[in-house]
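**Q** Here is how the chains run, residue by residue.
Protein chains: 2
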Amino acid sequence: MYTDFSLRILIYLGSKNRSELSTIQEISGKYGISKNHLMKVSHELGKAGYIETVRGRRGGIRLALAPEQINIGAVVRRMEDDFYLVECFQPSGGRCPISPVCRLKGALGRALQAYLQVLDEYTLQDLLVNTEDLRVLLQLNENISPVRTADAPLPGYERHSPPAGHETAEAPPE
Amino acid sequence: MYTDFSLRILIYLGSKNRSELSTIQEISGKYGISKNHLMKVSHELGKAGYIETVRGRRGGIRLALAPEQINIGAVVRRMEDDFYLVECFQPSGGRCPISPVCRLKGALGRALQAYLQVLDEYTLQDLLVNTEDLRVLLQLNENISPVRTADAPLPGYERHSPPAGHETAEAPPE
Numbered sequence: 013m014y015t016d017f018s019l020r021i022l023i024y025l026g027s028k029n030r031s032e033l034s035t036i037q038e039i040s041g042k043y044g045i046s047k048n049h050l051m052k053v054s055h056e057l058g059k060a061g062y063i064e065t066v067r068g069r070r071g072g073i074r075l076a077l078a079p080e081q082i083n084i085g086a087v088v089r090r091m092e093d094d095f096y097l098v099e100c101f102q103p104s105g106g107r108c109p110i111s112p113v114c115r116l117k118g119a120l121g122r123a124l125q126a127y128l129q130v131l132d133e134y135t136l137q138d139l140l141v142n143t144e145d146l147r148v149l150l151q152l153n154e155n156i157s158p159v160r161t162a163d164a165p166l167p168g169y170e171r172h173s174p175p176a177g178h179e180t181a182e183a184p185p186e
Numbered sequence: 013m014y015t016d017f018s019l020r021i022l023i024y025l026g027s028k029n030r031s032e033l034s035t036i037q038e039i040s041g042k043y044g045i046s047k048n049h050l051m052k053v054s055h056e057l058g059k060a061g062y063i064e065t066v067r068g069r070r071g072g073i074r075l076a077l078a079p080e081q082i083n084i085g086a087v088v089r090r091m092e093d094d095f096y097l098v099e100c101f102q103p104s105g106g107r108c109p110i111s112p113v114c115r116l117k118g119a120l121g122r123a124l125q126a127y128l129q130v131l132d133e134y135t136l137q138d139l140l141v142n143t144e145d146l147r148v149l150l151q152l153n154e155n156i157s158p159v160r161t162a163d164a165p166l167p168g169y170e171r172h173s174p175p176a177g178h179e180t181a182e183a184p185p186e
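The listed protein sequences derive, respectively, from chains W and U.
Residues in the first sequence are numbered consecutively from 13, following our numbering.
Residues in the second sequence are numbered consecutively from 13, following our numbering.
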């Protein structure tokens, strides 16, 4: 779940202009997922250096790195806390009695490496090649209108019309 | 958990003589895992044709195939019901709004294939190359004594001394 939500936050932020801020409430509304979970995940993404938080009443989060600098394998390694198909992969080592001699560990370890190596081939930029499609489904282009009928009104944010530049609907530069 | 327990049951049964029967209670005691979970998992393993059940008071389970005929990738594909690092991998498809255009699915799908392809290289026999080490840790050689002090006494089974041939402590033939 952490990994899923992490990747969704990154895709969401990457679909906006690089400097544009998003709120957890807004992302929560768009994906229909719990604000509490998103808050925990965005805290972790912040600690990992992938996103940055601008505090204050008109604050929010945005990518701290260019999308091509965010490696998907690295994000998954960092955010996923349950690669443990079997007990002996737990950080504690588990308590399976055959663990010291079991050949399964080696097989599953090789398989996990193969999995992550595929993800290492991707950056966030590769997931944003079709930003315009993403923007449509995330209803990001609808922000263009100064009058929001707001599927998820953001208290404290939306009393004002959106900041200038909001309507330039392109992927981050570089 | 299903996959973990499946593989452990198969390794346990494969560490015994091919014809020898084991009970869920015995396996539960050896691994220290829930009898209820093991019963569900062994039911699935039976449905999949990997193990067979001999009914009756002295009944139990054993491998239905030679260890080299049991492919680990196939077992994991069959038993694992949660490859869903992200919601859109659920059989229902989930309800993530960007699912129709999201490039992440392709990346994670390729990664999962790479994972399973590694496991396809192994059969149960490859995990049993050190059967004697497994038998020691699973305390299978201790059955040799007709007087069991029994870490997990099996009501209904152990009133009688172990069947003849119990003491031949080798890996399945073929």
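Calculated directly from the structure, the hints in this document are not laboratory data.
Treat each hint with caution, since some may be false.
The list makes no distinction among identical chains, and a pair is therefore deemed to hold if it is satisfied within one copy or across any two copies.
30 angstroms max Cα-Cα, derived DSSO-like pairs, lysine-lysine [unchecked claim]:
| id | residue 1 | residue 2 |
| --- | --- | --- |
| 1 | K59 | K47 |
| 2 | K42 | K59 |
| 3 | K117 | K47 |
| 4 | K117 | K42 |
| 5 | K42 | K52 |
**Q** Could you place K42 and K52 in one of the four classes (within, between, both, neither) given a Cα distance threshold of 30 angstroms?
**A** within (17 angstroms within a copy, 39 angstroms between copies)
**Q** One pair to classify: K117 and K47, alpha carbons no more than 30 angstroms apart. Within, between, both, or neither?
**A** Result: close only across copies, 23 angstroms inter versus 37 angstroms intra.
**Q** How do K59 and K47 come out at 30 angstroms by Cα distance, when the copy is not named: within, between, both, or neither?
**A** Result: close within a single copy only, 18 angstroms intra versus 42 angstroms inter.
**Q** My question is about K42 and K59: at a cut-off of 30 angstroms on alpha-carbon distance, are they close within one copy, between copies, both, or neither?
**A** So K42 and K59 pass the 30 angstroms test inside one copy only (24 angstroms; across, 42 angstroms).
**Q** For the identical chains here, do K117 and K42 meet the 30 angstroms Cα criterion within one copy, between copies, both, or neither?
**A** Only across copies: K117 and K42 sit 19 angstroms apart there, 40 angstroms inside one copy, limit 30 angstroms.
Checked against the numbered hints listed earlier, the structure breaks none of them; every hint is satisfied.
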